[in-house]
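Trainee: These protein sequence lines map, in sequence, to chains A and B. Residue 164 in numbering that gives the first Met the number 0 sits at position 165 of the first sequence, and the numbers go up by one each step. Residue 150 in numbering that gives the first Met the number 0 sits at position 151 of the second sequence, and the numbers go up by one each step.
Be aware that one or more of the hints could be misleading.
Stated by the list, open to error - So the derived label-pair ranges between C-beta atoms look like this:
no., chain 1, residue 1, chain 2, residue 2, range
1, A, Val76, B, Gly54, 47 to 57 Å
2, B, Ser25, A, Asn147, 45 to 55 Å
3, A, Thr161, B, Thr194, 47 to 57 Å
Derived by calculation from the structure, the hints in this document are not laboratory data. What you are looking at is a predicted structure, and each value in this text was computed from that prediction instead of being measured. In this text, a Cβ means the ideal position worked out from N, Cα and C, and glycines have one as well.
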Amino acid sequence: MKKQICLLTVSVSLIFCACNDTVTPEETAFNQVEDGHLTTIVCDEAALNCGGSTFVGKGTETVTSDKLCSSDYILDVEYTPIYDNVKLLSSSATGNPTSYEELRDYIECYDEVSFVEYEILSVYSPQEAVEITGEDFFLTSTTLYLANIYYDLMNDESVDMTVNIAKVGISGSQIESDPVYLVGQKLAAPVFNIGSSWCIALPEMTYSIYTINDIEFAYHISHENIRLTDDSLENLDMNLQTSEEFVVTSTVNNPVNYTQKSTIADLSEFIREDWSKRGYRLLNFDAVVDFDIQSGEAEVIDNAVLE
Amino acid sequence: MTIVSFYTVKTFAHSVSDCGYKHSVSTTHWDIYEDSVHWGSYNTALTVDCGLFEGTSFETYINNAVSKWNAATFNGSDLMTMKIDNTSVSAIFRSKTSAQISAVCGSSAWAITYRAGAVIDSSGYQHYSTNAESIAIWVNWNDVLKDKSTTAKTHVPLHELGHVIGLKDIPATVSTNSYLMCNEFGSSAAPTSITTADKQGAAVILGQHTSHSFTYSQYSSTAHKKTCSICGVYQYYTHTYNSNGVCIYCGYTSG
Ligand SMILES: [Zn+2]
Ligand SMILES: [Zn+2]
Ligand SMILES: [Zn+2]
Chain A
0 MKKQICLLTV
10 SVSLIFCACN
20 DTVTPEETAF
30 NQVEDGHLTT
40 IVCDEAALNC
50 GGSTFVGKGT
60 ETVTSDKLCS
70 SDYILDVEYT
80 PIYDNVKLLS
90 SSATGNPTSY
100 EELRDYIECY
110 DEVSFVEYEI
120 LSVYSPQEAV
130 EITGEDFFLT
140 STTLYLANIY
150 YDLMNDESVD
160 MTVNIAKVGI
170 SGSQIESDPV
180 YLVGQKLAAP
190 VFNIGSSWCI
200 ALPEMTYSIY
210 TINDIEFAYH
220 ISHENIRLTD
230 DSLENLDMNL
240 QTSEEFVVTS
250 TVNNPVNYTQ
260 KSTIADLSEF
270 IREDWSKRGY
280 RLLNFDAVVD
290 FDIQSGEAEV
300 IDNAVLE
Chain B
0 MTIVSFYTVK
10 TFAHSVSDCG
20 YKHSVSTTHW
30 DIYEDSVHWG
40 SYNTALTVDC
50 GLFEGTSFET
60 YINNAVSKWN
70 AATFNGSDLM
80 TMKIDNTSVS
90 AIFRSKTSAQ
100 ISAVCGSSAW
110 AITYRAGAVI
120 DSSGYQHYST
130 NAESIAIWVN
140 WNDVLKDKST
150 TAKTHVPLHE
160 LGHVIGLKDI
170 PATVSTNSYL
180 MCNEFGSSAA
190 PTSITTADKQ
200 GAAVILGQHT
210 SHSFTYSQYS
220 STAHKKTCSI
230 CGVYQYYTHT
240 YNSNGVCIYC
250 GYTSG
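Construct the entire structure; sequences and hints are all you get.
Mentor: Dropping the structure here:
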């Protein structure tokens, strides 16, 4: 359902025509006044009528203002892993952030910030990745994914942009508790350098997205130090059930470790509030020039180890 | 720190011909990459190229770090030779972005030591290779480090060159900033000097350590702790008393 709404909100002029016959008289009048310059508000209304379902913005209070009982929304998901016996690495780097406050240094270094939902479409081979990006590290330590950014959580609206996202870890060696992705996985993260030949999702704030009983949840991947808290947001730091802490995704011997559970609504509300308070400049998706994306092939990378 | 070098495999396999001696970072306060990827020996000069930092303000910090390692002594002898040399290079400094660093290390950072392209010889020693990124110190200069304190800027090249030698990070659970190789400072200031423990580890790596040299301290009423003053390995032994009831090693008097 959300996908339909996505299309509607993004491609306003194209899709709106298809919805015209279901638009209420009031809206029609409004549309006429606007004379084709449809605003997002009108589009959302149109979506409501077209889809025949209730559209609830991810940031609105409608769904999640009440404290949810975490045990009513337990993650129960099964993946088909494709790797096993990978070398597990522990990450450590000099001056890596030990709290959300310290992480801001790294968020601020980008001119424009975003916080988006995206889906992994396919995986590039190391050679393809090097060719596209010019970076050698795709041969030894990092995987390049073709991904579709489908929701802009900062502006609470659908987008549709294809990007190449780099993430540490390859088939043969991965960071412990943060395995490589499978095609079809849905994630949320601040994504930077959108529009370049490759971009990066902030590793410390990358979340798996799951819809459980019609509510979208974000499960924080690893990086336990970066825990978000805000007493006014009741579903930001939910009780993570023991069975939800480790989930095998791509790799049998490297289950992902989820360290915090939030509703997407509260998580994005927190980030919106915090970042606007700090005056971070939001990425304007309309202004991003679409990079010429090559079609990635979902190739299984051979078992190369880092050394 | 390492992808290759700042990540290390979780199981601990390294040993310093320990013959039953204990060797753990929580006691020695130094640690070595268990894959033994490290610099050759104390009489092989470790040469450092400033890369594109030549002529920039960060060059001063690199020079400072190289002189400090070069001047370091341990146990009465020179620890090693380290010098700036842009022609025959052991390790090279590179300016990298936050995105590049995140892409290879899975977290944000001021710097990492990246040795994906290093050549490893049959002794397990690493060498620079001119046809690969080799042993490179990636510094997040433009995005982050340039705006950091002098302390942070001083720490970075000194710490990373410790990685080039073969020293491993010291986890925050052991210490946040008492040793050069600490890497998660929290609210503490980053360390800016090479401590005794860091030099102990370096001496072991550089092959300066051929036999243990023990000191003894009382541990309990029945045992003393025997610690090598050079490498830090230790073991507990029961006291050996002389005719006066005094331990001939640690001086403990039996009651
Ligand atoms: Zn380190
Ligand atoms: Zn010793
Ligand atoms: Zn004794």
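Trainee: Each hint needs a verdict: does it hold in this structure or not?
Mentor: Against the structure, the hints come out as follows:
{"no.": "1", "hint": "A/Val76 x B/Gly54: 47 to 57 Å", "result": "holds (54 Å)"}
{"no.": "2", "hint": "B/Ser25 x A/Asn147: 45 to 55 Å", "result": "holds (46 Å)"}
{"no.": "3", "hint": "A/Thr161 x B/Thr194: 47 to 57 Å", "result": "holds (50 Å)"}
The structure is consistent with each of the numbered hints, conforming to all of them.
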